[in-house]
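Engineer: Take the given structure of chain A and dock chain B to it, following the hints.
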Amino acid sequence: MKVIKPIWLTICIATMLIVALNVSAQVSYQRILNAADEPGNWLTYNGGYSSQRYSRLDQLTPENVDQLQLQWTLQNQVFGAWQSNPIIVDGIMYVTERPNSVMALDAITGRVFWKYRHVPADNALVCCGANNRGVAVLGDKVFIGTLDARLVALDRINGQPLWNVEVGDVSLAYSVTMAPLAVKDKIIVGVGGGEYGIRGYVAAYDANTGKQAWKTYTIPGPGEPNHDSWQGDDWKHGGAPVWITGSFDPDLNLTYWGVGNPGPDWNAGQRPGDNLYSDSVIALDADTGELEWYFQFTPNDGYDYDSVQVPVLADIVFKGTPTKVMMWANRNGYFYVLDRVSGEFLVGKPYVTVNWSSGLDENGRPITTPQPEGMPTYPGNQGGTNWYPPSYSPRTGLFYFSAWQDYATIYRAEESEYEPGRAFLGGGFSVLAPAPGAPTIGIGRTNPINNWTNEVGHASLKAMDPQTGEAVWSYDQFDVSDSGMLTTASDLLFTGGREGYFHAIDARSGDLLWHVNLGGQIVMAPVTYMVDGVQYVSVISGHALSTFALRDS
Amino acid sequence: MISLIKNLPNCQFFTHFRNYVPLLLLAGLQQGLAQEFGDHQYTTEAIEAGSRVYTQQCALCHGPQGALVDGVDLRRGQFPTVRSDADLRNLISSGAGEGRMPAFELRQEEMNGVIAYLRAGFDPDGIAVKIGDPGRGQVLFRGKGECATCHRVNGIGPRTAPDLSFIGAIRTPVSLQRNLLDPGTALLPINKPVRIVTRNEETIVGRRLNEDTYTVQVIDSQERLRSLKKSDLVSYEISDAPSKQPTTLSSDEVADVISYLLTLRGLQ
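One line per chain: the protein sequences are A and B, in this order. According to this note's numbering, the first sequence holds residues 315 to 867 in order. According to this note's numbering, the second sequence holds residues 46 to 313 in order.
This is chain B alone, in the form it adopts within the complex:
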């Protein structure tokens, strides 16, 4: 009677980038990630151990991405009542919500691990990606990288592609890198470009926002929110190809762009 869901990790990919950990240590301390990394008192081993505890004990209710309980997003560090690690520890061992969250008797190393895993954004390898300079990254984002021709950040740019104003809070470095290097495998299915022809012969090109059995919601190329009944459509195509090509930026430049994207954490 279990239902827990975790995404398919690409093990090779993760293993490969684990080799960059020492590199990142250096880069991280020098650059914008210093605070994020330096404040971390948990080891990779703890995070990995925590990942196992999470899968066994937590994911049943919280889901693989930690967002299945209303008002809580574990991966993104959004908790209704908890701030410090000590708070987390207390809540996990005492339970909450009148029994909706049971109390867990975790061993010390399990508790440390699961907190490390939450704090690492559910990504045992998340810090193992080369991170560059956010300032240079911002320049590349707006210029040579051509990101800003489709993506909007902090109120500037078109809305046709997903708004990236808080992408740094919801995506891991690994995920961002994959999105740049191999968008075809990284594009989330909901974001796929669609081409729709209605009965009144209107052609709508845009990005899918939501869909159900009878309707589909899109943002069209004129940035209009459209909700369409499928019974009113003559054709409805969802593109398998992403709307963007793999980036031609160099690996150092990609590292810079990732670094910039990680600074985008929404309204503070």
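Chain A extracted, bound-state conformation:
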């Protein structure tokens, strides 16, 4: 021991010096702010505050993409849809696993450094699976939201928990499934529970202490503007959850969040009014949480058209004028372009068959055409698209996302009474099927046989021109797709689908360049990063996270 002790001491002192000198290796707010300038890393859920999921890496090209080769695979140890988005920092990948585990691994080999496991409380309740979509990083910490509505900070180096705070009341079915968003010195999350009569909100926490900095409800309370879009006590249990990571514009100091469905889901008649800010995008001041503006896509929604899509931000020349826009393919079947400074409606057009509405008025408000009872509503309950992240390529000027084509639902509304911690749905629905007893699309896919077939709906990857709101091209799949998008500076578009194919597509033409069968549903977007001069692309399919690079890497 006498020999060892001085050596440890020396190592400790050396480490302390290195840590002190190596501040730049931390994930500072500045680094996240300029994430696009270090494309070797993937620093936020959507790759940067503008959520474009566009990478400047260009080692992979349309010419060499068919030379991609599997480098490593990480097997998930838990069954269920793996919707996690990896974060990559300086060669280390952080990825979550169901229900609430976090792993740090070597991004070159896929070998795991540490794993932290949070076991959610027994009474945690989520409508649609024990999902977790990933972590946020800031400084020397990693942050995860949990199914029992807690926010946990971990030491990024050794995975030890540093603080663990309540975000919402688990007994009332609040939950966190999204990856948090780190802005300046705060960690911002929203809550799920739109099927259980929660009152949604977005809340920010001090990254160092976990102390709540602000909390903004997505349903205004008495005395607040737009409270009168609800009647009686409906606002108390009106849902409007926020379960997908938002975006941030540092110049405007605004964070943008998509808000989910009002509750009860399918009985719009039970909650008269527009039900603000359900099915809206809200712009909140990053420092105070104050609401700057909102835009509601689907007032008094009875179709579960959560507007939890990722707000995709870009500065474009719109009709001759440089404009700060937000692009949004909404679950309700319309594609929107908004002015993100003011929330002004610029463009709105249907991208799939829509029959719940005959169009949008000059302010973007839908002209509703409810279907007779028992008749199909297009798009169906899963929407024309859903939460899976789109991509915008500043090179092509196109917005890419997964749409569900020819998919409809028959809704049934019934009166339902709110009871704490119980489902608050207001009816039910059935998917329009070609034959009685025919299988129809579920939330995930566990069967390797697509026996619902394309007659129930199918995927169409669409490349939208924000100038016109029209698709420039589309790429159809036989099955539906809940896959997000990734674009690169070499005009590659990577995406997946439920069939388990990983596709590389020409982002300009929509031509298929390469595909491989990974064998399990791809229900998240691919990410790309670079370590030691090698560009990698990672994608989760089924229960495996697979990472590819060029053959001679």
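Simulated from the structure, these hints should not be mistaken for laboratory data. Be aware that a few hints might be false.
[Stated by the list, open to error] Result set (DMTMM-like, lysine to aspartate or glutamate): computed pairs, CA atoms no more than 25 angstroms apart in a straight line: (1) A:Lys529 - A:Asp563; (2) B:Lys289 - A:Glu769; (3) B:Lys274 - A:Asp380.
Structural biologist: Positioned in the frame of chain A, the structure of chain B alone reads:
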């Protein structure tokens, strides 16, 4: 953030056959269904109530047909750990799988209802179909009904149409009846007959087994399993018409065939 899927029920059809419940009671007790029916201590009202509970509480994860969770098929009564109704009750109220299945606080009548619904194979009207004699049904299946010319049962018969050895375990009486009387509306899309011409001028006629964006899997008329790349095909037609006509059997004979099909429950 819900996704739950249920098939489109034909309400008229179901309502119509509800009238047969008393008839079935009688027929059921007399014939092969006696055990299935007599053991049932749940009322139609309970099943219907359970259907509503299921839609609201269970279908979100288990899906409309109860098969979306790996290793569990609620409609077909396939559970990894549960046997009795008491087991089911316990599991529903306690949860399972480390939080993957939450614990549900159901009221007594809701709990009874949901178990009744599971035990009724998700079909509130499932027992309301006229059921005949399985022995006569088997004879009709092999002979006059011409079912066995395409369908295989327990290792006998061709494989070109779906094997029916366990059809009684996976289909309800209503569904079987519709399949016999109106196959055009009952044929599952995946089973549709296909006609494929390949680049090397081979024509393949068969039944579709699976399909994705780039490939299709079929069993051809020679009972060969074929997997084809769509890029290698000159033409690929999926027939909207089923490969069989509505049956010409009488209603009593149809009842007999249904009764026989319900006995086909696979390897015991």
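Engineer: Now, for every hint given, state plainly whether the structure supports it.
Structural biologist: Status of each hint after checking the structure:
no.: 1; hint: A:Lys529 - A:Asp563; in the structure: 19 angstroms, holds
no.: 2; hint: B:Lys289 - A:Glu769; in the structure: 21 angstroms, holds
no.: 3; hint: B:Lys274 - A:Asp380; in the structure: 18 angstroms, holds
Checked against the numbered hints given earlier, this structure breaks none of them.
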